Amino acid sequence: MRELDYDELEALAIGAGVLGTGGGNHPHLELMCAQAEYRRGRRIRLIDPDELADDARVAVVCIMGAPLVTKERLPEPQSICRAVRLMEAHTGAPFDAIMSIEIGGENAFFAMLVGMELGLPVVDADTMGRAFPEAQMASFAIRGLEVAPFAIADIRDNAVLIPRAESATRVERIGRRIVVELGSIAGTCTAPRSGAEVKAHAILRSVSRAIAIGRSIQAARAAGADPVAAVAGGAQARLAFTGKVEDVSRRTEGGFVRGTVRLAGGGAHQGREMLIDFQNEFSVARRDGTLVASVPDLITVLDEESAEAIGAEVIRYGQRVAVIVLAADPIMRSPEGLAVVGPRAFGYDFDYRPFEELVP
Amino acid sequence: MKRIGIDVGGTNTDAVLLDDSTILRSIKTPTTADVTAGVKNALAHVLGGADGAVRDVRAVMIGTTHFTNAVIERRGLSRVAVIRIGLPAASSIPPLADWPDDLRRAVEGPVFLLEGGHEFDGRPIVAFDRAGMRRAAQAIRDSGVTAAAITAVFSPLIADCEAEAAAILAEVAPEVTVTLSSHLGRIGLIERENATILNSALHGLAGRTVAAFRQAIAETGLEGPLYLTQNDGTVLRAEEAERVPVLCFASGPTNSMRGAHLLSGLADAVVLDVGGTTTDAGMLRAGFPRQANTQVDIGGVRTFFRMPDVVAVALGGGTVVRDEPFAVGPDSVGFRLLEKARVAGGDTLTLTDIGVRLGLIELGDAGRLADLPAALTDMAQRWITGRLADLVDRMKTSAGDLPVIAVGGGAFLVPDSLPGVSTVLKVEHAGVANAVGAAMAQVSGESERIFYGVPRERAISETLAAARAQAVAAGADEATLDVLDIEDTPMSYIPGDPLRVRVRVVGDLAG
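Chains as they are written, first to last, in the working numbering: chain X, 1080 to 1439; chain C, 736 to 1246.
Just so you know, the hints here were simulated from the structure itself, not pulled from any lab data. Note that the structure is a prediction, hence the values are computed from the model and not measured. Virtual Cβ for every residue (Gly too), placed ideally from N, Cα, C. Any given hint might turn out to be false.
As the list claims (entries may be wrong) - Quick list of simulated restraints, FRET-style, between CB atoms:
hint, chain 1, residue 1, chain 2, residue 2, range
1, C, Pro-1065, X, Ser-1328, 28 to 38 angstroms
2, X, Asp-1428, C, Lys-1161, 55 to 65 angstroms
3, C, Ala-866, X, Ile-1253, 37 to 47 angstroms
Input sequences plus hints: build the corresponding full structure.
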């Protein structure tokens, strides 16, 4: 177990943006909240999965709702804390640690804020290793662990428990309906997980991975070096394209923002073209018609100069960007993982191939 | 149609008299501590004592760095009472939390967080705390602050809470000037609140500055309306600018780039604005400055304003050149160029001296440079070429050669050819491009709305109609309106297929 120091908060924000793969944004407001807590003397305690007792009880939490609403209502840990308390009351046992459902984007920070609020350590792990749009895409659900009971609470005095559900997808769908009624933002807590389950089925050390990515970008910026290269040069990563956004088409379907970004190449990719599809997150990247990467591998779009991650909701014409591909966790690349988060699960008619096996 | 454009910069006040797009007169004068005198002086020069000209002038457009500088230098700012309506939500990050300490100390007045605000779909989060607002209004009255900033959750969509709060404040403390965040628009509570607070902090200065401009104009006998230029290269009526000075922040670089476009006729080019201390590089696209990718900080405060993507380097007419070891800048003699430079009888070697020696410009006494070693001028010339080529390369987004328009008082320093550049254009009146940009500024209108289940085409056309109506109300000629920007963003995880549409239009000032 170790305390994160103040400088690591920003590194985590940068790294969580990169791992957000277009779905989660750079968690600017959540970072401000965490920094405010640090100034009040609170600290995030990060616990390695190996330090968890097998019978430790871990609360897996996230904010569910529309990112736009958070921009106005501001991020807060209290609604998640209420959901955690409701789960404790329902199960009759207190939690020992907090864990985030996803490391990508804003949710990376909510577990941290909740940990500080409740005085509990935060596990260095998540269930996606990136951002995904729905609860059934979590590694616990992929491995067949029940998502219910599932607790939902808001900032006022509304709390809802879903004691049982036939599937993770059903929890997601019931949950979304409730969240809309609550103003399209609410805190959630999924079924308690044991330390043993976390060690066996979570994406391990993903908080550390995010911080490491953030630190390498910070170091490159400080040294006047290329921060994009710092990310692309990491393990299991590849620079897939550099260029300029030529066009973005977007539409909403079933609550998701879907669309395609067209990039015109620059630098080493002069004269070439890349198309990136998104379904909240960037899902498939093709260069000159040839597949370069697909879900569950991470396709992340960074500002060419600052390496700040750019979300699919905000990417726009004229931005100069670099596209980086990062390897998904082995759980996501396994057959049971691909059934839920592979290209076919996102409506594509082709099988997944790891990006390392595709054209560089 | 005759118009006057004036750019009141930190160093110089430039003015031009235009008849349509023909420049009749122009002048560059030092900015004076007394704003009225400086503007009057500039006006007197461009009017040239011609009585007839005074009657013909249809409008005066002024661009000023006063408001930006006030925030950057933390002076002339009013203390602001801050009211945020959104409890029990919207309390995790207090107002002014991300402001630099010194600016915060200069601006922060009493702060109130009240229950209220709305959901994205129009339902109240909780009922608005009217009693709490009345107590806040009394406390504001007793505190003696003269300005207040009111921000409610989702007010760009439903401004009811802000309007109610303002009515209560007006009743209890009628002398307090209020900025409502819904007036500035855009979703994003913190950024909108920051802009609202900055606007309130500037209200006193804005009133004094606009009054000084008005007085100078009245004393000259001009009768046409007064406009101030804003960040996007368009103008606001003075009475509106007085209420929203925050919209007039970055008019300097915008005006000079717009002026470069109008003087050169080029719509797509890199603009190099060479001043006394720095060169600002920007990129023109379709005649307007390219906007920066990232959100822009003003004086260290995060706002939602989009500003021109401008990169500045230390290269200007006053930049100091040293020998043994050879070094250029980054320091500059700045506005004291005409006493410090060697050609002006001073003892400091500047890039202007190098320019005179190279025959790029005739200025002062070239004989005072007779002892300058050729090797030194060569090195300085290569240094200039290298720096500017680098700068142009940073602005470009593709490898193709682009034209460069050189403007500003130090434009003569830009070499006639640069790597990666198709042509270098030096236009007449380049020294007063910013005043030309101000004089030719157009009028804009903007509307942002959220639609549910409405086809995209209809959502855009309705928003467009609202933006056009706003532009006409601001003084635009309806027949000349063009769409500058359409942004349509579907919103995830919200039922009913919501679509957020923002449209900006721009047109000529009605004659």
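Now for the hints, and whether the structure bears them out:
1. C:Pro-1065 <-> X:Ser-1328: 28 to 38 angstroms: 45 angstroms, violated
2. X:Asp-1428 <-> C:Lys-1161: 55 to 65 angstroms: 58 angstroms, holds
3. C:Ala-866 <-> X:Ile-1253: 37 to 47 angstroms: 39 angstroms, holds
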